[in-house]
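Read top to bottom, the protein sequences are chains G and Z.
The numbering used here puts the first sequence at residues 1 to 116.
The numbering used here puts the second sequence at residues 1001 to 1115.
By construction, these hints were calculated from the structure, which means they are not laboratory data.
Check the hints yourself; a few may be wrong.
[Said to hold, decoys possible] Straight-line C-alpha distance at most 30 Å; calculated DSS-like pairs for lysine-lysine:
id, chain 1, residue 1, chain 2, residue 2
1, Z, Lys1055, Z, Lys1107
2, Z, Lys1055, Z, Lys1070
3, G, Lys96, Z, Lys1055
4, Z, Lys1107, Z, Lys1078
5, Z, Lys1073, G, Lys96
6, Z, Lys1107, Z, Lys1073
7, Z, Lys1055, Z, Lys1078
8, Z, Lys1107, Z, Lys1070
9, G, Lys96, Z, Lys1070
10, Z, Lys1107, G, Lys13
11, Z, Lys1073, Z, Lys1055
12, Z, Lys1073, G, Lys13
[Stated by the list, open to error] Where chain Z lies over chain G, by a calculated footprint (3+ residues, C-beta under 8 Å):
id, stretch
13, 21-27
14, 42-56
[Claimed, not checked] Short, incomplete list of chain G residues facing chain Z, as computed with Cβ under 8 Å:
id, residue
15, Ser33
16, Leu88
17, Leu90
Heads up, the beta-carbon is just placed ideally off N, CA and C, and yes, glycines get one too.
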Amino acid sequence: ETGVTQSPTHLIKTRGQQVTLRCSSQSGHNTVSWYQQALGQGPQFIFQYYREEENGRGNFPPRFSGLQFPNYSSELNVNALELDDSALYLCASSRKGLAGGSETQYFGPGTRLLVL
Amino acid sequence: AQTVTQSQPEMSVQEAETVTLSCTYDTSESDYYLFWYKQPPSRQMILVIRQEAYKQQNATENRFSVNFQKAAKSFSLKISDSQLGDAAMYFCAYSPGGSNYKLTFGKGTLLTVNP
Chain G
1 ETGVTQSPTH
11 LIKTRGQQVT
21 LRCSSQSGHN
31 TVSWYQQALG
41 QGPQFIFQYY
51 REEENGRGNF
61 PPRFSGLQFP
71 NYSSELNVNA
81 LELDDSALYL
91 CASSRKGLAG
101 GSETQYFGPG
111 TRLLVL
Chain Z
1001 AQTVTQSQPE
1011 MSVQEAETVT
1021 LSCTYDTSES
1031 DYYLFWYKQP
1041 PSRQMILVIR
1051 QEAYKQQNAT
1061 ENRFSVNFQK
1071 AAKSFSLKIS
1081 DSQLGDAAMY
1091 FCAYSPGGSN
1101 YKLTFGKGTL
1111 LTVNP
């Protein structure tokens, strides 16, 4: 167990709807990253949040958006859902110091989203 | 753009034997980090081992060790004394140094451990 939690565990939506996924970071961590993992593939980076601001984004359209709260928890919002959005959504938390540098990312158990 | 390639979609090993999973990557950066993550059927991604590119010494964590060949851009994982609990999908991942350290993953290698 990593201390990173995600909710819900499973979700079923229909095309065109909107969805919000939630992530609580591990104690002491200030950075949250979100990944999309399609079936049989490696995770793809969506974006990262640090100090409540987006700190890097992958090749995902603007209908994928996020938030980070003062307690470092985070939300991933997806608007106008498409069938191809069906995937496992993983969040990962890490700690970034003032000098930057790379810290290991620890993953939550994921949210399985199915879009019908 | 950085890429990570895992050329072995599936591997199998007998319990108590040793297996090596391959990974190559492409980057023009000099400062970066490499990781192996394990994803069992429960789907939680678990860190196995981490290697800093500036360190020449190969990382080791108990039965897990890596062979890091920086010039060849190769980063293989060796699992010794394989156990049934090692069965999982294994992902190799790359992260640049600096302030934005997104992970780039390979497609994974499915490891089966036979009793």
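Evaluated hints:
1. Under the criterion of a C-alpha separation no larger than 30 Å, the hint pairing lysine 1055 of chain Z with lysine 1107 of chain Z is consistent with the structure, at around 26 Å.
2. Taken as a hint, the lysine 1055 of chain Z and lysine 1070 of chain Z pair is honoured in the structure, with Cα atoms around 10 Å apart against an allowance of 30 Å.
3. About 20 Å separates the Cα atoms of lysine 96 of chain G and lysine 1055 of chain Z, which keeps this hinted pair within 30 Å; it holds.
4. Between lysine 1107 of chain Z and lysine 1078 of chain Z, the direct Cα distance comes to roughly 18 Å. Compliance with the 30 Å bound is thereby established for this hinted pair.
5. The hinted pair formed by lysine 1073 of chain Z and lysine 96 of chain G meets the criterion: a straight-line CA distance of about 26 Å does not exceed 30 Å.
6. Of the pairs offered as hints, the one joining lysine 1107 of chain Z and lysine 1073 of chain Z holds, with about 17 Å between alpha carbons and a cut-off of 30 Å not exceeded.
7. Of the supplied pair hints, the one linking lysine 1055 of chain Z and lysine 1078 of chain Z holds, its CA atoms being roughly 18 Å apart against a limit of 30 Å.
8. For the suggested pair lysine 1107 of chain Z and lysine 1070 of chain Z, the alpha carbons sit about 21 Å apart, so the restraint of at most 30 Å is met.
9. Between the alpha carbons of lysine 96 of chain G and lysine 1070 of chain Z the distance comes to roughly 25 Å, so the proposed pair stays at or under 30 Å and holds.
10. A C-alpha spacing of about 27 Å is found between lysine 1107 of chain Z and lysine 13 of chain G, which places the hinted pair at or below 30 Å, so the restraint holds.
11. Under the criterion of a C-alpha separation no larger than 30 Å, the hint pairing lysine 1073 of chain Z with lysine 1055 of chain Z is consistent with the structure, at around 14 Å.
12. Note on lysine 1073 of chain Z and lysine 13 of chain G: the hinted pairing is violated, with a Cα-Cα distance of about 42 Å set against a maximum of 30 Å.
13. Check result for the stretch 21-27 of chain G against chain Z: violated, 0 residues qualifying (beta carbon to beta carbon below 8 Å, three or more required).
14. Note: the stretch 42-56 of chain G has 7 residues with beta-carbon separation from chain Z under 8 Å; the three-residue rule is met and the coverage holds.
15. Taking 8 Å as the C-beta contact cut-off toward chain Z, the hint placing serine 33 of chain G at the interface holds, the least distance being around 7 Å.
16. Against a cut-off of 8 Å between C-beta atoms, the interface hint on leucine 88 of chain G holds, since the closest Cβ of chain Z lies about 6 Å away.
17. About 6 Å separates the beta-carbon of leucine 90 of chain G from the nearest beta-carbon of chain Z, less than 8 Å, and the hint is met.
The earlier numbered hints that this structure contradicts are 12, 13.
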